[in-house]
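Colleague: All chains, please: the whole structure from these sequences, using the hints.
Note that the working numbering has the sequence shown beginning at 1, numbered continuously upward.
It is worth saying that the hints were derived from the structure and are not from the lab. Here a beta-carbon is modelled for each residue, glycine too, at the ideal position from N, C-alpha and C. Please note that a few of the clues may not be correct.
Said to hold, decoys possible - Listed below are the simulated DMTMM-like cross-link pairs for lysine to aspartate or glutamate, each with C-alpha atoms no more than 25 Å apart in a straight line:
id	residue 1	residue 2
1	K89	E63
2	K117	D40
3	K89	E3
4	K89	D105
5	K89	D8
6	K36	D136
7	K36	E175
8	K117	E63
9	K89	E175
10	K89	E151
11	K31	D195
12	K117	E151
13	K117	D136
14	K36	E151
15	K31	D148
Stated by the list, open to error - Quick list of the computed label-pair ranges, beta carbon to beta carbon:
id	residue 1	residue 2	range
16	E187	R209	35 to 41 Å
17	S194	R59	25 to 31 Å
18	E73	E113	21 to 27 Å
19	E73	G52	17 to 23 Å
20	A66	A193	19 to 25 Å
21	E73	R209	43 to 49 Å
22	I7	A29	40 to 46 Å
23	V49	R109	31 to 37 Å
24	I7	R109	32 to 38 Å
25	E187	L25	20 to 26 Å
26	I5	E187	37 to 43 Å
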Amino acid sequence: MVEPILIDGRQAWLKHYRDGGSRLLSLGALKFVADKLGIDPLRPPPHHVGAGALDTEARRLGELAAQRVHVPEVIGRGRASLVLSDNGKSLASWLRNARDDAQCDQLVRLALEAMAKAHAQGAYLGQPLPRNMTYDGQRIGFIDFEEDPLEVMNLAQAQARDWLMFGYGVARYYEHRPEALQALMHEAMARDASDVQQQTHQVTGRLQRLAAVCNRLGAQVAPAGACATGAACGQHLQRADHRHAGDRLVQRRRPRRAASAAGMSRASSRGRPLAYAPVQTARAFHAYHRRSFFPAGRFCA
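Modeller: Shown next, in the form of structure tokens:
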């Protein structure tokens with residue numbers, strides 16, 4: 001739980017770390033699917049709670065600050081809580097309130113540039129979803145580091161996970177302009193290391209092939225396979241996207257409209273790159289989505 005406090009007239013945040021379930025069963029199932037499909041960047045990291053979550057977040061904040069990533073400063077520590085400096089409003093709130101497409105694109109471009117810069121410093125961000133990113137009018141920042149992907153993957157995989165997480169989280173703001181998001185992400189990812197690009201492409205390529213198989217099975221059969229495999233692949237992204245939804249003073253996002261299978265099929269037949277979900281998560285599988293904004297080979301050396 002996170003609550004706002006004032007220290008010498010300045011806003012700060014008191015974050016409490018409570019004991020809770022370890023989610024061993026669900027995380028084990030997700031790991032099994034990720035291993036079977038060979039999509040290492042989507043392997044779920046351990047879900048820390050209580051003192052474990054506090055220690056992990058404090059350590060990660062220190063590491064990222066040393067890598068010149070804009071993260072909250074730890075200005076106090078208790079037995080089960082941290083006092084964190086304010087990083088600005090969430091990027092999600094900025095995107096929801098963007099006055100037009102141009103402002104939305106500018107915010108996303110700033111976020112992508114901040115991610116690319118962090119990667120160049122050897123950093124990885126864990127859950128760079130819009131609700132876990134901030135903007136104070138000058139700098140993009142990052143919050144929420146209770147999990148550490150490097151516990152279950154290498155650095156290139158963790159950085160690829162950053163792109164996948166961000167693309168998944170921001171796609172909802174580009175439902176009617178997927179090509180614009182594709183161009184923005186292509187520009188940013190082109191500056192990242194080739195092994196990171198390769199890891200990102202590997203995930204999307206394998207899930208695209210699985211989506212194509214589901215599509216060929218037809219509308220009557222595909223949902224079963226899509227739900228079984230796609231939901232498992234996407235669950236930890238959706239869990240991260242909605243986890244602790246009531247813990248921060250951030251409004252819940254507007255419900256997204258479900259895409260029809262016919263509509264997605266028509267768009268795919270025109271060859272248009274769709275940006276509903278870059279990693280072909282459960283929602284994409286349900287729509288028998290064949291494409292993402294990481295087209296085959298585009299980002300690979």
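Colleague: Now, for every hint given, state plainly whether the structure supports it.
Modeller: Taking the hints in turn, this is what the structure says about them:
no. : hint                     : verdict
1   : K89 to E63               : 23 Å, holds
2   : K117 to D40              : 23 Å, holds
3   : K89 to E3                : 14 Å, holds
4   : K89 to D105              : 17 Å, holds
5   : K89 to D8                : 20 Å, holds
6   : K36 to D136              : 42 Å, violated
7   : K36 to E175              : 31 Å, violated
8   : K117 to E63              : 15 Å, holds
9   : K89 to E175              : 23 Å, holds
10  : K89 to E151              : 29 Å, violated
11  : K31 to D195              : 22 Å, holds
12  : K117 to E151             : 22 Å, holds
13  : K117 to D136             : 18 Å, holds
14  : K36 to E151              : 19 Å, holds
15  : K31 to D148              : 15 Å, holds
16  : E187 to R209: 35 to 41 Å : 26 Å, violated
17  : S194 to R59: 25 to 31 Å  : 29 Å, holds
18  : E73 to E113: 21 to 27 Å  : 22 Å, holds
19  : E73 to G52: 17 to 23 Å   : 22 Å, holds
20  : A66 to A193: 19 to 25 Å  : 20 Å, holds
21  : E73 to R209: 43 to 49 Å  : 45 Å, holds
22  : I7 to A29: 40 to 46 Å    : 43 Å, holds
23  : V49 to R109: 31 to 37 Å  : 36 Å, holds
24  : I7 to R109: 32 to 38 Å   : 33 Å, holds
25  : E187 to L25: 20 to 26 Å  : 40 Å, violated
26  : I5 to E187: 37 to 43 Å   : 39 Å, holds
Of the numbered hints listed earlier, those contradicted by the structure are 6, 7, 10, 16 and 25.
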